[in-house]
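*Asks:* Protein chains in written order, with our numbering: chain A, 27 to 426; chain B, 203 to 345; chain C, 4 to 120.
Among the hints, erroneous ones may be present.
[What the hints assert, rightly or not] Dumping the calculated SDA-like pairs for lysine to any residue here, alpha-carbon to alpha-carbon at most 25 Å:
hint, chain 1, residue 1, chain 2, residue 2
1, B, 321, B, 298
2, A, 380, B, 293
3, A, 386, B, 291
4, A, 69, B, 298
5, C, 113, B, 274
Hints listed in this document are in silico derivations from the structure and should not be mistaken for laboratory results.
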Amino acid sequence: MTSSVKNESNSNWWKDWYNHFIAGANRLTLLIEDGINFAITSKYNPFYYHGALPQFYMWVLLLSGLLLFAYYIPTVDSAYFSTKMINAWTSVQYITESLPFGGVIRGIHRYSGDAMVLFIFLHAIRVWFTDRYRQYRWVQWTSGVVLLLMVLFIGQTGYYLVWDERSLLLTRMTVSALNALPIIGEPLKSWFLNGNTITNLTLSNFLFIHIGVSFALFFVLWVHYVRMTRPVLTPPPAVNFILVGAILLIVYLFPIACGKMADLNSQPNAYDIDWFFLWNYWLMSIMPISVFWLLMIVAGVLSLVLPAIVKNVSPPVIPAEVVINKCTGCSLCYRDCPYQAIEMVPAPAGSRFKLLATVKTARCSSCGLCVGACAFDAIDLPQLPDAAVTAQIKNLVEAK
Amino acid sequence: MAAGKTVITLICERAADLNSLLNEQDALSELPDVRVVKFPCSGMIQPLMIEAALKAGAGGVIVCGCQIGDCFYREGNKMIRDRLTGERPPGLKKAVDRRRVMALWLSRRQKERFLTEAKEFVLQMQKLDATDVSSKAAEPAAK
Amino acid sequence: MIKGPKDILIIILALATLTVAAIFLPWSELGFNGNFPDWLKDLLQHLGIADLVINNFNSLAQHKQLMGIIKSDHAVDKMGDYAYALFLFLAMSAASIAIILVGKEENAEKTVLEAKK
């Protein structure tokens, strides 16, 4: 008896702490948002379309990447075409230093990638602080973590593609990191290098991964959006100008220089770090590789299953219920539901109507928008029937 | 407005935080004629509820949800706003006096703003009641 | 039409956008230096402003402070490209701020219904 009470107060302890933390974080974001609303009104407040910001940069990346791809050559060796050496590095150098606006496009591509990672983090933080990532929203959160991991990986392959000294060092660090993994390390290393050593096949593999995983983002984005009706996909156009403008400013202030060409016989040991994409290489360099992998795997798994960990910090959601004999199949609740939690199915035999609304209980948020949409009193939140609400309204009006 | 008409506020739990302003009768301490009903989301408000309030004798109805774009359930405030303006079914019946309905979209911290708007709304409704009474009183003379 | 300081700011921003777009962007595309291609010299001569424009441009171009601002360390040879990026940033930012000032909804926090009667 005493031990069960003690257990409950123990688990309530961390739930209370967690809820307090989230409530405080939410107050902080509200403070900032209210300030922004005062200045530029809610229509332009970036806190209200923070998911659309990285999505926009993805389009910039796709377009700039397409332009770069037209001139990029995925080889490592020093083949000569008449007197000109052609390989990945020289093609990148050509783009940066000879092609009109090549350096600007390259800068736009790299810095949009950094911006996308930054905005994904801000997006994740705001979603977490405002408690919009769990229960019926867990699919969005988990697919979002997968998307972040994919974006980080894509960015890293982008740094390999340049094939300068940094690329060579990063490739070798990756190989030694993969080697350290038990059982799956060897096959992963062979897959990564497309062989046992760095060859032309390796670089074309990097290009394939870079472009392939980029397009795979569309599939995971579909999962990320599928449980939301009318997801906000684009910021207001005026904001899109500023987003591109910011990248252009960074391109002007920090034009990208070409590092030295990679030489397989050399052993580069230092590189400029891009903190957005290459932070894991910094971690690799300051700790034993086994600790690194443990850290990455634990952090990754915890992020993915965060909604499950905090599932019970609040009472479970009580889903809406359809009153079957009143539903006319008008589909207004289905249209209004923000979480795709209502499905219209064929009405049962003998019904006057063609369709019947049904609630997919795992997706229901218990918000009541369906109740607001229904003119037939045919759907209810069990804990707050609209008849009770209407009665309460009448009582309050008539009370003296 | 001695035996004043009630103004009903339909507000969602995450919009302006009125908890500290309410008395035991679910009315605003500063404006006892304003009585408050809470919803999990402003999107749950049915136009039928607004009609019921006015039919039962309320002087006016204030709908309050979160800032447009910040609904915790994504779209609730947009839904009720569009239902009120007629852009989304179900809507208010034609017979409803639309001057007696006002909607506010306020964040949790904006309770002072709510009070200011509510006070102004109550005054406006009193004026409306006065003109309605006087126009009704004038009718027999016109006949 | 012009009701207050906000409207004046919008006009200033619009003019800034147009100025940057019409003058500085083409200048950057030409390399952001004092070199004028023949076709441009001919055009300016036709318009009668060749001396005016070319002399002023050259004196501006030699003005060390202006070039110092625009100079990118690593990109000396492609200065026009990077100057283009800078000026495009300025034009886009001015335009978007103006659009936001025009478009922001003053009554975003309140909805009053139109009385149909």
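*Asks:* Checked against the structure, which of the hints given earlier come out wrong?
*Replies:* Number 4 - this is the single hint that the structure violates.
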